[in-house]
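Chains as they are written, first to last, in my numbering: chain P, 0 to 437; chain H, 0 to 437; chain U, 0 to 437; chain A, 0 to 437.
FYI, nobody ran anything at the bench for these hints, they're computed from the structure. Worth double-checking, as some hints may not be accurate.
Stated by the list, open to error - List time: in silico DSS-like cross-link candidates among lysine-lysine, alpha-carbon distance up to 27 Å: (1) A:K218 - U:K393; (2) A:K60 - U:K394; (3) H:K169 - A:K60; (4) H:K60 - A:K169; (5) P:K169 - H:K403; (6) U:K424 - A:K218; (7) A:K60 - U:K393; (8) U:K14 - H:K382; (9) A:K218 - U:K403; (10) A:K403 - U:K324; (11) P:K324 - P:K37; (12) P:K403 - P:K413; (13) A:K218 - U:K200.
4 protein chains.
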Amino acid sequence: MSYFNQIDKVKFEGKRSENPYAFKFYNPEEQIGGKSMKEILRYGVAYWHTFTGDGSDPFGKGTAKRPWDHLSGMDQAKARVEAAFEFFEKIDAPFFCFHDVDVAPEGSTMRETNKNLDEITAMIQEYMKTSNTKLLWNTANNFTNPRFTHGAGTSSHADVYAIAAAKIKKGLEVGKELGAENYVFWGGREGYETLLNTNMKLEQDNLARLYHMAIDYAKEIGFDAQFLIEPKPKEPTTHQYDFDVATATAFLYQHGLQDHFKFNIEANHATLAGHTFEHELRTAREMGMLGSVDANQGDLLLGWDTDEFPTDLYATTLGMYEILKNGGLGRGGLNFDAKVRRGSFETEDLFHSHIAGMDAFAVGLKVAQKMIDDQFFENILDKRYETFTTGIGKKIVTGTTSLKELENHALDIKEVDLKSGQLEKIKARINQYLLTMD
Amino acid sequence: MSYFNQIDKVKFEGKRSENPYAFKFYNPEEQIGGKSMKEILRYGVAYWHTFTGDGSDPFGKGTAKRPWDHLSGMDQAKARVEAAFEFFEKIDAPFFCFHDVDVAPEGSTMRETNKNLDEITAMIQEYMKTSNTKLLWNTANNFTNPRFTHGAGTSSHADVYAIAAAKIKKGLEVGKELGAENYVFWGGREGYETLLNTNMKLEQDNLARLYHMAIDYAKEIGFDAQFLIEPKPKEPTTHQYDFDVATATAFLYQHGLQDHFKFNIEANHATLAGHTFEHELRTAREMGMLGSVDANQGDLLLGWDTDEFPTDLYATTLGMYEILKNGGLGRGGLNFDAKVRRGSFETEDLFHSHIAGMDAFAVGLKVAQKMIDDQFFENILDKRYETFTTGIGKKIVTGTTSLKELENHALDIKEVDLKSGQLEKIKARINQYLLTMD
Amino acid sequence: MSYFNQIDKVKFEGKRSENPYAFKFYNPEEQIGGKSMKEILRYGVAYWHTFTGDGSDPFGKGTAKRPWDHLSGMDQAKARVEAAFEFFEKIDAPFFCFHDVDVAPEGSTMRETNKNLDEITAMIQEYMKTSNTKLLWNTANNFTNPRFTHGAGTSSHADVYAIAAAKIKKGLEVGKELGAENYVFWGGREGYETLLNTNMKLEQDNLARLYHMAIDYAKEIGFDAQFLIEPKPKEPTTHQYDFDVATATAFLYQHGLQDHFKFNIEANHATLAGHTFEHELRTAREMGMLGSVDANQGDLLLGWDTDEFPTDLYATTLGMYEILKNGGLGRGGLNFDAKVRRGSFETEDLFHSHIAGMDAFAVGLKVAQKMIDDQFFENILDKRYETFTTGIGKKIVTGTTSLKELENHALDIKEVDLKSGQLEKIKARINQYLLTMD
Amino acid sequence: MSYFNQIDKVKFEGKRSENPYAFKFYNPEEQIGGKSMKEILRYGVAYWHTFTGDGSDPFGKGTAKRPWDHLSGMDQAKARVEAAFEFFEKIDAPFFCFHDVDVAPEGSTMRETNKNLDEITAMIQEYMKTSNTKLLWNTANNFTNPRFTHGAGTSSHADVYAIAAAKIKKGLEVGKELGAENYVFWGGREGYETLLNTNMKLEQDNLARLYHMAIDYAKEIGFDAQFLIEPKPKEPTTHQYDFDVATATAFLYQHGLQDHFKFNIEANHATLAGHTFEHELRTAREMGMLGSVDANQGDLLLGWDTDEFPTDLYATTLGMYEILKNGGLGRGGLNFDAKVRRGSFETEDLFHSHIAGMDAFAVGLKVAQKMIDDQFFENILDKRYETFTTGIGKKIVTGTTSLKELENHALDIKEVDLKSGQLEKIKARINQYLLTMD
Ligand SMILES: [Co+2]
Ligand SMILES: [Co+2]
Ligand SMILES: [Co+2]
Ligand SMILES: [Co+2]
Ligand SMILES: [Co+2]
Ligand SMILES: [Co+2]
Ligand SMILES: [Co+2]
Ligand SMILES: [Co+2]
């Protein structure tokens, strides 16, 4: 059966198209800097928001109207798989992502849960044979079940830790089976609500031990996906341990894990932590740890993760600049970890929202590539830091000077020939790039 | 001459005293857990806020009325030294802290600046001979002078970097001369306003090189003070590189600097970064890197560093708990990096504010010690994490298990015997501790 | 049957009691300023958090363990009523509050819903005959049902508006039947997510019309409860129309409603709006519009309404100061619109949390009354504003001067004899009040 | 003499121009909806940021390099006037704005200050005779001088109030002399730091009395400018009385002032208060009180007023939409209350920044006009609220129904035919409008 039969496969129609079910900017086969848009952007559909989410919020019940609402249990799970692969095809998504509980209902024990999961995994595998859509990453949801109240890998209870570990083990196996490119560790409830009842050191050490065991097991079963940490602050625990890229980096170094992980960076998590999206991308990129992206956006006037579909062209442009400078995302991709608003409850809104996001990043890609072709930022930086290319500056960057020599250089300087940062001029130029994009 | 002759040496008079110039809770010689309050608390007066600050803000000129206002240049600098030592004695402060520019005016070159600094340093040294007040730490102000607009150790200009380095060199020499216990690196303008014109990697690598040179030079001159990094987010640059303890830790590890630094943790910087004061203390403590504290508080409804004198007894109690569990602050102390409000412009307010802060931390110390004596938190944690002391839990914490074994343990679990976190009960108990403090 | 038979009636045992099920500070019959604590504080239990809430959050299912979990539908609703009255009696609560859907399940039409509600209302009425607990206020939940996605009184659909109106009508009738002291209008989803699809004027005018109809109907049926507006910003809609007291005041004035409402002020809503709790209380008090209080507290490091039980003694003290200066709360009370943390999932935590809150406000009351007895703030203000009691100052406050006369007075002034605001001294004194409370 | 002789008059060169000193989008004479861009946009240059500001911040001294830096006192003041009119002409600004202290130095008494001001006013008047640039508004700076520490019209001291009143009187006279279109009241320090020492009612009543006197005096001297209130939260006092448009509206109503004021809405003040720019514009517009705009933007990741030049095209588009729907700004304008970044310290940056802002609002104007021509939002709203045009909906909006009738309508409704809000589709369409702007 068809779940979206009122909607045809979405195609590129150009920027003046008035067809709401067409791409205006995302042209999958268009070549940008020698690769097709599709190859560079590697879009992924997030199973949870698109097929499992119901639009509920802390103040109200779900509003989403979905063609699988009348079903339940495994029947509903199967209908969602069918719908998903139809959606992937119609929206032309090269990838998808899921948590275990998104695709299969939990049983009363892990054994039962795994049985459900096996059945759905087999079904997904069957669909993937004839689909162009691959698995960007999967993961274990170790936060929804009430038993994870006090965390999973950082739980205060050993049984909960064991269950979390078992779910990760299963996740790695499923990932291998479905050929996942990456495996994501989002902290879920790994953090604390209050130090008043928390042994932070024990919890963090336990978490590190869990990561080491996961690395060992993936190796053991020959699952070579890239491991990704997805930092997030403040939610759901008041203090998530993976606050941001830098915090997670410190954790990885302190526990000898830095060579085994890259980062999955979510735009809305960046801003919740007080950073721009591009700051987090840059921080990861400069360490060689930019792995993948959860492509969404937040509302900076609100204090929680709103997971909106990305439409801000400034963010997509600066984000794509970082990604292009990174040489692309490698095995990672742009996963739309984004949900339609509670008020956008119609099935059609799933299409509108993905089109909005895919077009927005396509624009970002085109503008960023143009700026790179023009060496726009590179020229600014070359000029700005040029004193470090000769003389004392060169000695500084090559580590061949000392406080004494620098003092000697400095003692009688009266005026430094500083240059303006010209931020306003740069911002005007970026607007011009945007508005003259072909 | 006397600058504060209307005010006598401040003494402890007990909690019901109505004398505004008396301590109500800080009793320097009172023994707490085997040490005197004075030994544990190691209060420091911040020279900049107390002797240099004028109460100006971005919307208005200075309001402070100070007995040295009629002077200028070196005369004013000398008067401030005299006043400072009188104040230290009257408030009974065991320590003080300063930046170079707080104590001596800048000249038109570093050579002239150093000359001024030498003269004042000699004067301070002379005063210290007969004073009980020691130097907790000194540092170089590498942010006020317009030349530091684009940073100092992360400046885009090599000359500025050289000047910053020269100032640090001088700071280390002055610290050695005055017997400083620590040397602080607060990032000043080390950060960026916008990635649009910033080479983050070059800037951060340069900063690391500067730290390495400082370590080498301190060693060379035999200055054995503890080096401290003081993290701060958002101000004055939009993105300070030392956002918080975790961020600075990642930086230290990535540049091989982790063994050379501890942290100077400021309460208001913690909250600006989205953390509690105690979170930052705990994070540093668990790494063995809790060095010193900038004892102040912020206004959480405002988005900048207000540097208020600390009066919140919850923060001082939880802060002192971390410090006591750390075995004290070692060579560090509690430096009042706090300024009287713009509206508290009278000289008397300098006394009121220090008394407020000293009393608040004294209360925190007493309550925290009582909780430790009672093993209040320890009992909560022991019970909460007890499943990690035997069986599978013990295997987890000793790193002697695997995903397979954990799965085996987990597969048929139906119900986990989770315990309530009891946060409300704990908070009520803390109020009770506070209100029954003897 | 008993739902809490392991717990006895909670009694006052004094500040050194180690019984977790005893009040340490709340002594119902203790006289404070001529009235009993119980009379002044007028505590209310919030039915939704205590009997309906399940501890779920946006990232996970409910955790609460309640003795009525095995029931459903009307059976569960009835069990909750029984449990509630047992709880009221054991915690010694003079009041309770509820929304329609808290007490009775919704049917498929309003007609069916009202039938359920009638049955439960009758049962509550029966229980109230032998109970000491009265109804502080009731209200209609016009936000949980999916049909309220786009608002209720501000819905974009007339049918939804009609349903909301019908629910309010029923709420007024139920309030009259149960002798409610107040009727609360919390905006629920009255606001907008985005102006991009919102007719703000139409929505606000419709809301005003609904209030006018409610006033008329209450009059018609002789229901004389005080009408209260509870302002809240940001949640659940991005821009709630009743952002704070001032915003709601502007709305009331513009629609001729100002004489018909007072405010129900929630502490956590105040801080979410960028204000202190006491700011909102003061603003309402000075307009004669302080009606009632939702006594809770938030986490200022988080950006949403955490609805924590109130334990911050600074907030309870300054809050009670405003309430005492208001001559008490009249027909209002202190309703604990607060929920136990998700991690505090045991039934016992319902007692711990209420005891924590009741003790905290009792301390606030005692300290505030002492400060009033001492005329602590009054003396500060008298001195601070004394120039307005004579001469030109008196002319200013009596409105008998002009710009010309004021210019005349001002033209040759050289120095104004300004007084320090002495904030640090005041804060130290408040700590002293707290720590010397008898 | 010329202050900017390296720069020619800035002209429109079209969107592909690579001349940094040309407008790319702002074409003054281009007709948009029947008026020229220049007539609609009514740009104003803010004297304080552009001619008086020095780039200092709380952590450092001024960095700006200006051709009048070598002068001081009245000589500098006069040089600034000369420079200003040269700048106005070169940037083609139809308006400018100033505070008294921006243009003339303060003396030791008001009498002396006024003398300085008179001399500069005369000079400005002379320049205006041959200039095309008019005075959008002027105002009195009642916050920079230390005497305003505790406020001006809300000061705790009557003499300060008198001085503030005298400055307003003078401001009205100067405004009349120079033909100002508006007179702005920005609250400056009208607010409080803490309720602990504040008589809020006295302060607010005094402020209202000052406004009444100002109204009377303007009438007396025949100064018919539009009076504007500029709301702002949080800075410099912790709680500014004019928090936002709604708060100021409540104040105006409560003091019978609502017919005498409109609002001057600053974008950065809106976001600091937790609102979007367009929310504040809409709120004022729907009350008929949208007077003028301070056109800037903030950094939503920072917690203070950064006063950046506006470059965000989403904000300028939605802002211009509100302005066009308002029928323009009447006597108001778009005043660039924006400062070049501290790091943009060259004189050239004054041009770059204004060009950036003028181009950004020109784009906003063009896109907004196109959306209005297409009835883009209007069509969305018509469809969304159509149930209010007939039947029970029509009765609701005409105020001809009752709770009883609405209940009757509602009692048996099973399903409401709600429509999706389609936010994602709308946002995608706005991007399309932006990227297809001609
Ligand atoms: Co994500
Ligand atoms: Co998210
Ligand atoms: Co500090
Ligand atoms: Co600080
Ligand atoms: Co409430
Ligand atoms: Co609430
Ligand atoms: Co402004
Ligand atoms: Co501003």
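Cross-check of the supplied hints:
1. A:K218 - U:K393: Distance ~25 Å between K218 (chain A) and K393 (chain U) Cα, so the pair holds.
2. A:K60 - U:K394: violated, 42 Å
3. H:K169 - A:K60: Roughly 22 Å between the alpha carbons, so the hint for K169 (chain H) and K60 (chain A) holds.
4. H:K60 - A:K169: The given pair, whose Cα atoms are some 22 Å apart, holds under the 27 Å limit.
5. P:K169 - H:K403: Measuring from Cα to Cα gives roughly 10 Å; hence the hint holds.
6. U:K424 - A:K218: Roughly 46 Å between the alpha carbons, so the hint for K424 (chain U) and K218 (chain A) is violated.
7. A:K60 - U:K393: violated, 42 Å
8. U:K14 - H:K382: OK: K14 (chain U) and K382 (chain H) at ~25 Å, within 27 Å.
9. A:K218 - U:K403: holds, 13 Å
10. A:K403 - U:K324: violated, 41 Å
11. P:K324 - P:K37: holds, 17 Å
12. P:K403 - P:K413: holds, 19 Å
13. A:K218 - U:K200: With Cα atoms ~33 Å apart, K218 (chain A) and K200 (chain U) exceed 27 Å; violated.
Hints 2, 6, 7, 10 and 13 from the list above are not met by this structure, while the remaining hints are.
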